[in-house]
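A.B. asks: Single-letter residue listing:
Number of protein chains: 4
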Amino acid sequence: MFQKRTDLALEARELWQESAEKTSRLPGVKAAKQRQEGYPVTRVDILDERGEEALGKPRGSYLTIDLTTFWQRKPDFFERAVRAVGGQLKALVPAEGPVLVVGLGNRAMTPDAVGPLAADSVLVTRHLIAAQPRHFAGFRPVAVQRTGVLGTTGVESAESVRGLVEQVEPALVIAIDALASRRVGRVCATVQLSDTGIIPGSGVGNHRGALNRETLGVPVLAIGVPTVVDSATLAADLLEESGITDYDGEALQKSRQNLMVTPRDIDQQVRDLGKVIGYGINWALQDLEIDEMNALLS
Amino acid sequence: MFQKRTDLALEARELWQESAEKTSRLPGVKAAKQRQEGYPVTRVDILDERGEEALGKPRGSYLTIDLTTFWQRKPDFFERAVRAVGGQLKALVPAEGPVLVVGLGNRAMTPDAVGPLAADSVLVTRHLIAAQPRHFAGFRPVAVQRTGVLGTTGVESAESVRGLVEQVEPALVIAIDALASRRVGRVCATVQLSDTGIIPGSGVGNHRGALNRETLGVPVLAIGVPTVVDSATLAADLLEESGITDYDGEALQKSRQNLMVTPRDIDQQVRDLGKVIGYGINWALQDLEIDEMNALLS
Amino acid sequence: MFQKRTDLALEARELWQESAEKTSRLPGVKAAKQRQEGYPVTRVDILDERGEEALGKPRGSYLTIDLTTFWQRKPDFFERAVRAVGGQLKALVPAEGPVLVVGLGNRAMTPDAVGPLAADSVLVTRHLIAAQPRHFAGFRPVAVQRTGVLGTTGVESAESVRGLVEQVEPALVIAIDALASRRVGRVCATVQLSDTGIIPGSGVGNHRGALNRETLGVPVLAIGVPTVVDSATLAADLLEESGITDYDGEALQKSRQNLMVTPRDIDQQVRDLGKVIGYGINWALQDLEIDEMNALLS
Amino acid sequence: MFQKRTDLALEARELWQESAEKTSRLPGVKAAKQRQEGYPVTRVDILDERGEEALGKPRGSYLTIDLTTFWQRKPDFFERAVRAVGGQLKALVPAEGPVLVVGLGNRAMTPDAVGPLAADSVLVTRHLIAAQPRHFAGFRPVAVQRTGVLGTTGVESAESVRGLVEQVEPALVIAIDALASRRVGRVCATVQLSDTGIIPGSGVGNHRGALNRETLGVPVLAIGVPTVVDSATLAADLLEESGITDYDGEALQKSRQNLMVTPRDIDQQVRDLGKVIGYGINWALQDLEIDEMNALLS
Numbered sequence: 000m001f002q003k004r005t006d007l008a009l010e011a012r013e014l015w016q017e018s019a020e021k022t023s024r025l026p027g028v029k030a031a032k033q034r035q036e037g038y039p040v041t042r043v044d045i046l047d048e049r050g051e052e053a054l055g056k057p058r059g060s061y062l063t064i065d066l067t068t069f070w071q072r073k074p075d076f077f078e079r080a081v082r083a084v085g086g087q088l089k090a091l092v093p094a095e096g097p098v099l100v101v102g103l104g105n106r107a108m109t110p111d112a113v114g115p116l117a118a119d120s121v122l123v124t125r126h127l128i129a130a131q132p133r134h135f136a137g138f139r140p141v142a143v144q145r146t147g148v149l150g151t152t153g154v155e156s157a158e159s160v161r162g163l164v165e166q167v168e169p170a171l172v173i174a175i176d177a178l179a180s181r182r183v184g185r186v187c188a189t190v191q192l193s194d195t196g197i198i199p200g201s202g203v204g205n206h207r208g209a210l211n212r213e214t215l216g217v218p219v220l221a222i223g224v225p226t227v228v229d230s231a232t233l234a235a236d237l238l239e240e241s242g243i244t245d246y247d248g249e250a251l252q253k254s255r256q257n258l259m260v261t262p263r264d265i266d267q268q269v270r271d272l273g274k275v276i277g278y279g280i281n282w283a284l285q286d287l288e289i290d291e292m293n294a295l296l297s
Numbered sequence: 000m001f002q003k004r005t006d007l008a009l010e011a012r013e014l015w016q017e018s019a020e021k022t023s024r025l026p027g028v029k030a031a032k033q034r035q036e037g038y039p040v041t042r043v044d045i046l047d048e049r050g051e052e053a054l055g056k057p058r059g060s061y062l063t064i065d066l067t068t069f070w071q072r073k074p075d076f077f078e079r080a081v082r083a084v085g086g087q088l089k090a091l092v093p094a095e096g097p098v099l100v101v102g103l104g105n106r107a108m109t110p111d112a113v114g115p116l117a118a119d120s121v122l123v124t125r126h127l128i129a130a131q132p133r134h135f136a137g138f139r140p141v142a143v144q145r146t147g148v149l150g151t152t153g154v155e156s157a158e159s160v161r162g163l164v165e166q167v168e169p170a171l172v173i174a175i176d177a178l179a180s181r182r183v184g185r186v187c188a189t190v191q192l193s194d195t196g197i198i199p200g201s202g203v204g205n206h207r208g209a210l211n212r213e214t215l216g217v218p219v220l221a222i223g224v225p226t227v228v229d230s231a232t233l234a235a236d237l238l239e240e241s242g243i244t245d246y247d248g249e250a251l252q253k254s255r256q257n258l259m260v261t262p263r264d265i266d267q268q269v270r271d272l273g274k275v276i277g278y279g280i281n282w283a284l285q286d287l288e289i290d291e292m293n294a295l296l297s
Numbered sequence: 000m001f002q003k004r005t006d007l008a009l010e011a012r013e014l015w016q017e018s019a020e021k022t023s024r025l026p027g028v029k030a031a032k033q034r035q036e037g038y039p040v041t042r043v044d045i046l047d048e049r050g051e052e053a054l055g056k057p058r059g060s061y062l063t064i065d066l067t068t069f070w071q072r073k074p075d076f077f078e079r080a081v082r083a084v085g086g087q088l089k090a091l092v093p094a095e096g097p098v099l100v101v102g103l104g105n106r107a108m109t110p111d112a113v114g115p116l117a118a119d120s121v122l123v124t125r126h127l128i129a130a131q132p133r134h135f136a137g138f139r140p141v142a143v144q145r146t147g148v149l150g151t152t153g154v155e156s157a158e159s160v161r162g163l164v165e166q167v168e169p170a171l172v173i174a175i176d177a178l179a180s181r182r183v184g185r186v187c188a189t190v191q192l193s194d195t196g197i198i199p200g201s202g203v204g205n206h207r208g209a210l211n212r213e214t215l216g217v218p219v220l221a222i223g224v225p226t227v228v229d230s231a232t233l234a235a236d237l238l239e240e241s242g243i244t245d246y247d248g249e250a251l252q253k254s255r256q257n258l259m260v261t262p263r264d265i266d267q268q269v270r271d272l273g274k275v276i277g278y279g280i281n282w283a284l285q286d287l288e289i290d291e292m293n294a295l296l297s
Numbered sequence: 000m001f002q003k004r005t006d007l008a009l010e011a012r013e014l015w016q017e018s019a020e021k022t023s024r025l026p027g028v029k030a031a032k033q034r035q036e037g038y039p040v041t042r043v044d045i046l047d048e049r050g051e052e053a054l055g056k057p058r059g060s061y062l063t064i065d066l067t068t069f070w071q072r073k074p075d076f077f078e079r080a081v082r083a084v085g086g087q088l089k090a091l092v093p094a095e096g097p098v099l100v101v102g103l104g105n106r107a108m109t110p111d112a113v114g115p116l117a118a119d120s121v122l123v124t125r126h127l128i129a130a131q132p133r134h135f136a137g138f139r140p141v142a143v144q145r146t147g148v149l150g151t152t153g154v155e156s157a158e159s160v161r162g163l164v165e166q167v168e169p170a171l172v173i174a175i176d177a178l179a180s181r182r183v184g185r186v187c188a189t190v191q192l193s194d195t196g197i198i199p200g201s202g203v204g205n206h207r208g209a210l211n212r213e214t215l216g217v218p219v220l221a222i223g224v225p226t227v228v229d230s231a232t233l234a235a236d237l238l239e240e241s242g243i244t245d246y247d248g249e250a251l252q253k254s255r256q257n258l259m260v261t262p263r264d265i266d267q268q269v270r271d272l273g274k275v276i277g278y279g280i281n282w283a284l285q286d287l288e289i290d291e292m293n294a295l296l297s
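These protein sequence lines map, in sequence, to chains A, B, C and D. Counting in numbering that gives the first Met the number 0, the first sequence runs from 0 upward without gaps. Counting in numbering that gives the first Met the number 0, the second sequence runs from 0 upward without gaps. Counting in numbering that gives the first Met the number 0, the third sequence runs from 0 upward without gaps. Counting in numbering that gives the first Met the number 0, the fourth sequence runs from 0 upward without gaps.
Pulled out of the complex, with its shape left as it was, chain A reads as follows (with noise of 0.2 Å):
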């Protein structure tokens, strides 16, 4: 069978209810809804082996924040998608120690930029606190890593990371990779955030080495914004929409497997995602006002 392709765990719990009896009640999971700062919030909770079975993702808490009316660029929308997303992050964050926040992809590819654009807006502590401890002392330490790609480093995502984790020692790494989303809808309108780590590169069709707590010692927060539909998947909602069900699911996949479907203005959204995203990381890490962070990172 056509296997739908998706890293959100909102729609894979979606493709279950589709495919199951909508009375029947997914077991091994929990999902609740809310709104922060006028954003809507999913959360999806994976509690144990029957949910993971389902859903095909570990265990673990995953929220979604639809950002899907910040495009509507009415007043106070940065700010309160930077709020929203530093809210939630607040609350999956250990309360100290240091953080190495790494932007996974490629920032030459545009859908897969997504990670070293948010990095770029990352406020960087570390080395200032080192170099004047008093002078810093209101700061958390914060590194940056950027992985770069596979083909031009030779290096694994996974591994330039540990190797970087020994050095820098973090309690926490933050992650941040482009996904694959079903729906249209949601690309570069989620973001999701999720405390099992991540698999870097499978946004774009490329399975690396898990970043989680078993690979690098230390909790890894993911976050991850969906800037690509599988054209497969595409196809086969659309057919499904025009009542078609017993399409050849392989061949579908085969035709389409080298494209990709994308916004027209993807360049544009990925950059003010990637700073949404940034500001949300400071947030949740510093004592700063959105005001601060602007004049310090300009």
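Where hints are given, some of them may not hold.
Just so you know, same-sequence chains aren't split out, so a pair can sit in one copy or run between any two.
[What the hints assert, rightly or not] 20 Å max Cα-Cα, derived SDA-like pairs, lysine to any residue:
id: 1; residue 1: Lys253; residue 2: Thr67
id: 2; residue 1: Lys253; residue 2: Ser18
id: 3; residue 1: Lys3; residue 2: Gly248
id: 4; residue 1: Lys29; residue 2: Leu91
id: 5; residue 1: Lys3; residue 2: Thr67
id: 6; residue 1: Lys73; residue 2: Leu296
id: 7; residue 1: Lys253; residue 2: Pro39
id: 8; residue 1: Lys274; residue 2: Asp290
id: 9; residue 1: Lys73; residue 2: Glu36
id: 10; residue 1: Lys253; residue 2: Trp70
id: 11; residue 1: Lys73; residue 2: Leu295
id: 12; residue 1: Lys274; residue 2: Gly150
id: 13; residue 1: Lys274; residue 2: Leu295
id: 14; residue 1: Lys274; residue 2: Leu296
id: 15; residue 1: Lys253; residue 2: Asp264
id: 16; residue 1: Lys274; residue 2: Arg82
id: 17; residue 1: Lys274; residue 2: Glu291
id: 18; residue 1: Lys274; residue 2: Asp119
id: 19; residue 1: Lys253; residue 2: Arg263
id: 20; residue 1: Lys3; residue 2: Asp245
id: 21; residue 1: Lys32; residue 2: Leu46
id: 22; residue 1: Lys32; residue 2: Ala94
id: 23; residue 1: Lys274; residue 2: Ser120
id: 24; residue 1: Lys274; residue 2: Ala294
Because the hints were derived from the structure by calculation, they are not lab data.
Mind docking chains B, C and D on chain A? Use the hints.
C.D. replies: The following block gives chains B, C and D in isolation, referenced to the frame of chain A:
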């Protein structure tokens, strides 16, 4: 009815053939096939008003070079592609006089960057010949314009080209732009040459003033590379392949209108094709081997 | 005799004073000092032929804003610099009519990039007003041109500006370029405004056709930022400071001719000053607060 | 006394000779000259503590390749420079084992960009060999690290290299960095190879932790290119050429401390030399012709 979107004359002809009885002949249009350097070349001539109406394009010659096998990277694939494009161009170029090469499109938006990238591989000689006419006597004067993006200039490409044409007084304008194709397989695998001029930005959905003999006062040779597929067109083809013909075209159009479909490695493909086109232009205009171009452009 | 190199009228006047008796008055030249937003402003008016000959610059007004204290980054330093540059510009700008802002210089060569960088911070409105005249009624039409580099266009800046002026028909051209200063202390710490036009590229040693009312048919306001010191000029000053006055100027010139002296953090300084100038232009041309520019340009 | 600034062992020896009687011999130092591919090569060996003290550099071999004539662009100048650098490197490189190439410096600051630029021309093979050992059996495993800038990572280059060395376990680290020269004529015209390791950032004035066998546990081959002259050093040389020897060195140091002197076309020169070094490394490590490198790296 849903209008499938294509900028390729070849595909406009295919669409006509699909909608008409296969036995009927398309009046006012002539087509022919050949090969150059191993790459298939299709020539479609639109001869009169009947042809213009049937294909929705102005009368003139449209040459489509099929570079699909380019990506297999067999021996000499690059050199052969340069000679294929350059050889076809040569037949369309007046024997003498200065040339203005215009790279249309947005360098910062990958599928739209093929024009500026091609321009970077064109040998610029006009100023050298002006400064040392004897030393550069063997070269044809070539100037290059990159029109940039309306949002950052406030000036339509057609306006800025018109302005420069009056200063440079070229015998020919060669304008390079990204196109939209109907077929996924043609994306970054096809180059269309035509002596009819071009409407900048049509590949990514913004129609601007035309660049042609009427608007510029000199012949305009257009070079187009399809870099995107309109996602509604892709969807419609998919439904038809699956036997559905009475879908709601308008709804389809609307639901997918801000999306584009591109190859996963569009960044690399656009860079490589830009170089083929720039070198092809050098091949057509200057008396140089590819090695010499490498040395002069490094 | 060794000719010290400067593009600043202020320094040309200093050089004259150094060479002449201190008691004599410079005929045909008037100078005055003031302050704006805490930054010192010197105005030199060259009134007639005597002044032109003494200072080696065409007659007109030259305003030099001294931004040395900008780099101390005291409160509001950016806003005050924008208002200082913008306020001085406002007095030189006609009250109405479209404006063409030209960023001269090579973006890829740091000390020459101030023109293109300033252009990136200018609010581009011409196309918006053309498309929705009522909605953008409050704005003045502004177009932007980045002329690029002769080696990659084959076209002199003066030619391409002339071509665009004929299309856009502005009431004013504002041209921004890098200059050479005589004094290390003025590099990236001074902005010179003048109503005399500009000779592109003089800051980095390439003289090209002038941009002024004679060549373009419209008034040309020049904004120049010294980003380099000619190394022979630096050396000559150093020798004179050490009491040596009979050095071999020609040999000095020759031995140092392909060098330039810049601040170590030239990249950051040029970026920051480019933004001050772009915003200063917006301040002079549009009825906007700096916050609003931030929002519109992000 | 004023300390003239140089990172080149060759120049340290010259400075010693200038200050000492010409007839005396420098103890603990051996020097020799040869030619490779038409380019002069000087070898300085610091043999013991006396040599270390006299030249202010750790004991080891320092090879200086004089590429002055490179810029005359005579036939085969690029290929000859690659073979000259590559040939000298080959003699210093262990015969087997994986190599980690480290590009030190700030890509965004031209005179500091030679490390990252060279890294871009190095053939990266480690991941290919890991994935398809048989297919890539002919290649030596090479990984590449670009350490980035302390201000945007919070991590010293020495820390991040140490982290990666533990993961990659190379038999050799090759570290490339920009240097400061004393002589204008050596800027972008000299390559220094040494088996003593390197202190990153010394070329542009920031001393950081050393990269050498002591700190990394593996041999470190340093490749340095002088891209700047310290402006106080330049001034001091100028005064001495003019016969002044009793100037105030401290005042000189202070007045010029934030300046650097570079060639006017530093951007192009740094790009070209980066490519020579990257290809030279490939020449030393892989069994490839320059044509093959071109094909693999395009």
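A.B. asks: Indicate, hint by hint, whether the structure satisfies it.
C.D. replies: So, going through the hints one by one against the coordinates:
1. Taking identical chains as interchangeable, the C-alpha atoms of Lys253 and Thr67 lie at most 20 Å apart only when they sit on different chains, with a minimum of 17 Å there against 31 Å within one chain.
2. Proximity of Lys253 and Ser18 under a CA criterion of 20 Å is satisfied in neither setting, with 23 Å inside one chain copy and 27 Å between copies.
3. Taking the closest pair of Cα atoms, Lys3 and Gly248 come within 20 Å of each other only inside a single copy of the chain (10 Å); across copies the shortest separation is 24 Å, beyond that limit.
4. In the homo-oligomer, the alpha carbons of Lys29 and Leu91 lie at most 20 Å apart inside one protomer (17 Å), although the nearest pairing across protomers, at 62 Å, exceeds that limit.
5. In this assembly of identical chains, the alpha carbons of Lys3 and Thr67 never lie at most 20 Å apart, being 22 Å within a copy and 29 Å across copies at closest.
6. When the C-alpha separation of Lys73 and Leu296 is checked against a cutoff of 20 Å, the pair qualifies only between copies, where the shortest distance is 16 Å, while the shortest distance within a copy is 24 Å.
7. For the identical chains of this complex, Lys253 and Pro39 are neighbours neither inside a copy (36 Å) nor across copies (25 Å), given an alpha-carbon limit of 20 Å.
8. With identical chains, the CA atoms of Lys274 and Asp290 are at most 20 Å apart both within one copy (14 Å) and between copies (18 Å).
9. For the homomeric pair Lys73 and Glu36, the shortest alpha-carbon distance inside one copy (12 Å) is at most 20 Å, but the shortest distance between copies (34 Å) is not.
10. For a Cα distance limit of 20 Å, the shortest separation of Lys253 from Trp70 across copies, 18 Å, qualifies, whereas the shortest one inside one copy, 34 Å, does not.
11. With identical chains, the CA atoms of Lys73 and Leu295 are at most 20 Å apart between copies only, with a shortest distance of 13 Å across copies and 25 Å within one.
12. Proximity of Lys274 to Gly150 under the C-alpha cut-off of 20 Å is restricted to the inter-copy arrangement: shortest distance 18 Å between copies versus 26 Å within a copy.
13. Taking the shortest alpha-carbon separations for Lys274 and Leu295, both the intra-copy value of 14 Å and the inter-copy value of 16 Å come in at or below 20 Å.
14. In this assembly of identical chains, the alpha carbons of Lys274 and Leu296 lie at most 20 Å apart whether taken from the same copy (11 Å) or from different copies (15 Å).
15. Taking the shortest alpha-carbon separations for Lys253 and Asp264, only the inter-copy value of 17 Å comes in at or below 20 Å, while the best intra-copy value is 27 Å.
16. For a Cα distance limit of 20 Å, the shortest separation of Lys274 from Arg82 inside one copy, 12 Å, qualifies, whereas the shortest one across copies, 28 Å, does not.
17. For the identical chains of this complex, Lys274 and Glu291 are neighbours both inside a copy (14 Å) and across copies (19 Å), given an alpha-carbon limit of 20 Å.
18. Taking the closest pair of Cα atoms, Lys274 and Asp119 come within 20 Å of each other both inside a single copy (8 Å) and across two copies (19 Å).
19. Within a single copy, Lys253 and Arg263 get their C-alpha atoms only as close as 24 Å, which misses the 20 Å cut-off; across copies the closest is 14 Å, which meets it.
20. In this assembly of identical chains, the alpha carbons of Lys3 and Asp245 lie at most 20 Å apart only when taken from the same copy (14 Å versus 26 Å across copies).
21. Taking identical chains as interchangeable, the C-alpha atoms of Lys32 and Leu46 lie at most 20 Å apart only when both belong to the same chain, with a minimum of 17 Å there against 63 Å between chains.
22. Within a single copy, Lys32 and Ala94 get their C-alpha atoms no closer than 25 Å, and across copies no closer than 55 Å, so neither meets the 20 Å cut-off.
23. Taking the closest pair of Cα atoms, Lys274 and Ser120 come within 20 Å of each other both inside a single copy (6 Å) and across two copies (19 Å).
24. For the homomeric pair Lys274 and Ala294, the shortest alpha-carbon distances inside one copy (14 Å) and between copies (14 Å) are both at most 20 Å.
When each numbered hint is compared with the structure, violations occur for hints 2, 5, 7, 22.
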